[in-house]
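**Q** Modelling step: build the complete structure from the supplied sequences, incorporating the hints.
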Amino acid sequence: MKSCLIVDDSKVIRMVAKKILQELDFETVEAEDGQVALDLCKNQMPDAVLLDWNMPVMDGIDFLKNLRQLPGGDGPVVVFCTTENDVNHIQEAMEAGANEYIMKPFDGEIIQAKFAQVGLL
Amino acid sequence: MGPGDFNFLQEMLKRESGLVLTEEKSYLLESRLIPVARKLSLNGIEELVVRAKNGTSPEVKKAIIEAMTTNESFFFRDIKPFDIFREATLPYYLDARQNTRKIKIWCAAASSGQEPYSLAMILNELGPKIAGWNVDILGTDISTDILDKAINGLYTQFEVQRGLPVQNLVKYFDKEDEHWRVKSELRSMVKYREFNLLDSFATLGQFDIVFCRNVLIYFDQETKAQILARIAECMPPDGLLFLGGAETVLGISNLFQPIPKLRGVYEVASKESGPSAFMEHPAVAAFAS
Ligand SMILES: C[S@@+](CC[C@H](N)C(=O)[O-])C[C@H]1O[C@@H](n2cnc3c(N)ncnc32)[C@H](O)[C@@H]1O
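The listed protein sequences correspond, in order, to chains A and B. If you count the first sequence from 1, you need to add 81 to reach my numbering. If you count the second sequence from 1, you need to add 72 to reach my numbering.
I should point out that these hints are in silico values taken from the structure, not numbers from a laboratory. Please note: incorrect hints may appear among the correct ones.
DSBU-like mimics (lysine-lysine), calculated; alpha carbons at most 35 Å apart, straight line [what the hints assert, rightly or not]:
(1) A:99 x B:152
(2) B:152 x A:83
(3) A:146 x B:247
(4) B:97 x A:185
(5) B:111 x A:185
(6) B:263 x A:185
(7) B:243 x A:185
(8) A:185 x A:100
(9) A:185 x B:152
(10) B:125 x A:185
(11) A:100 x B:263
(12) A:146 x B:221
(13) A:99 x B:111
(14) A:83 x B:243
(15) B:247 x A:92
(16) A:185 x B:247
(17) A:185 x A:123
(18) B:111 x A:100
(19) A:99 x B:247
(20) B:243 x A:100
(21) A:83 x B:333
(22) B:111 x B:333
(23) A:146 x B:243
(24) A:92 x B:243
(25) B:152 x A:146
(26) B:343 x A:100
(27) A:185 x B:221
**A** Right, here's the structure in full:
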C-alpha cells in the first residue's frame, strides 16, 4: 500500500482528500502546515504528497524546496492542490520540483486522473 | 410524453444520426429535450415533436439531435491510445511517408476538441523531426454547437484537469479569467468541419490515421458495419483505425483487423498473411513487446 501525506491547513479539505485517497488505496498521514509535514518526512518519506500552497508557519512552496534538499527528498511524488490557479504559480511550483498540480476545487476524479498521470496508480 | 412521440423521436434519431435510443433511456429524452423546447420558446416536448414532424424547421431536428448526443470527452482520454500514437504510429509513418512527407489524420467524432488537440500536442513535441512535413488533423462532428467549442478551444478548469499533464497546460494554453484557451499555434494545427458519419464520405478525402472513438457505441451493428466500411474505403492499405475502449471491429466488420498487443488499434485487413509493414517496424515491435 502506498502512502500519501496530505498537507493542508483546512481540516475539512484534509478530510475530503483522505477519503478520496483511501478509496484509491492509499495509507494517509496528515499535516496542517509545511513545518509539521517536513518533520514527518524527516522521520519517514511518503510515496506521495498532496500539498496546499497557503498555510501558516511554512507554506507549500517552502516545504517543497526544503523537502527536495533532504536525503531521499527527491523520492516523493508531489502534487500541489491549491486555489492558486495562475500560470506563474504553476511554473514556480514545477521549478521547485512539483510533479503535478491540481487547482481547487478538486474532486475524486481529478485526483485519480492526476495520480494516474504521475504513475502513482 | 406519449408513446407516439417517443416512437417518432426514436425513429428520427436513428435515421438522422444513428443514435439508438432504448426504452430504458427514454428518461433522457425528457431531461434533455425540455430545455431545448424552452430555448426555442416552445410549449414542451409535444410541441417540439410537432415542429420536428412537419419538416419545415430543420433547426428543430438539429437541436433535438445535438441535445441527445453525448459529448463527453477529455484530453488524452484513456492515455494508452495516445502513447501508441506517439511511440509506434508516428515513428512508422515518419518512415513510411518519407517521400510525400504528408500524414493525414481524422478525428471522426471530435466533440469539443480534446482528442484532436491531444494529437496536435504530441505532434508538436516532435519538433524538428516534423519540420517540413505536412500533417493535417481534421476534426468532424455532427454537432455544430460542440464544434464551436472545439474551434474556440476554451475549457473550464475542470476540463483541463482531466488527463492533461500540467506541463502541457502551461505550454499550450493561456489563462482567460477562470477558463483556459488553447494557444493559437495549436489551434491552427486542427481544422474542424461539421460532418455526419451517416453521410457519404466522398467529400472527405483519404486519411492515414482515423480516430473514431466513443461514437460507434451509440449505434446498432448494421450502422457500425456501414461506417467501418466507409472508413476503410478512405484509407490506404497501411491505414490505422483507433476505436474507443468499449468498441471493437470483431464480429462487426472484417475490413479491419486488431493489432496484437496494441489494444484499440486496428489495421486495414489485407489478403496477405503474416505481419504487416506496420507491425514489423522496429518502433512498433519495440512498443508491442
Ligand atoms: C462521446 S463523444 C466522443 C469524443 C471523443 N472522440 C472522445 O473519445 O473523447 C461522441 C461524439 O460523437 C458525435 N456524434 C454522434 N453521432 C454522430 C454522427 N452520426 N456523426 C458524427 N458525429 C456524431 C457527438 O456529437 C459527440 O460529440
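**Q** Let me make sure I understand: some of the numbered hints might not hold for this structure. Which ones are they, in numerical order?
**A** Hints 10, 11, 12, 13, 18, 22, 26 are the ones this structure does not satisfy, whereas the remaining hints hold.
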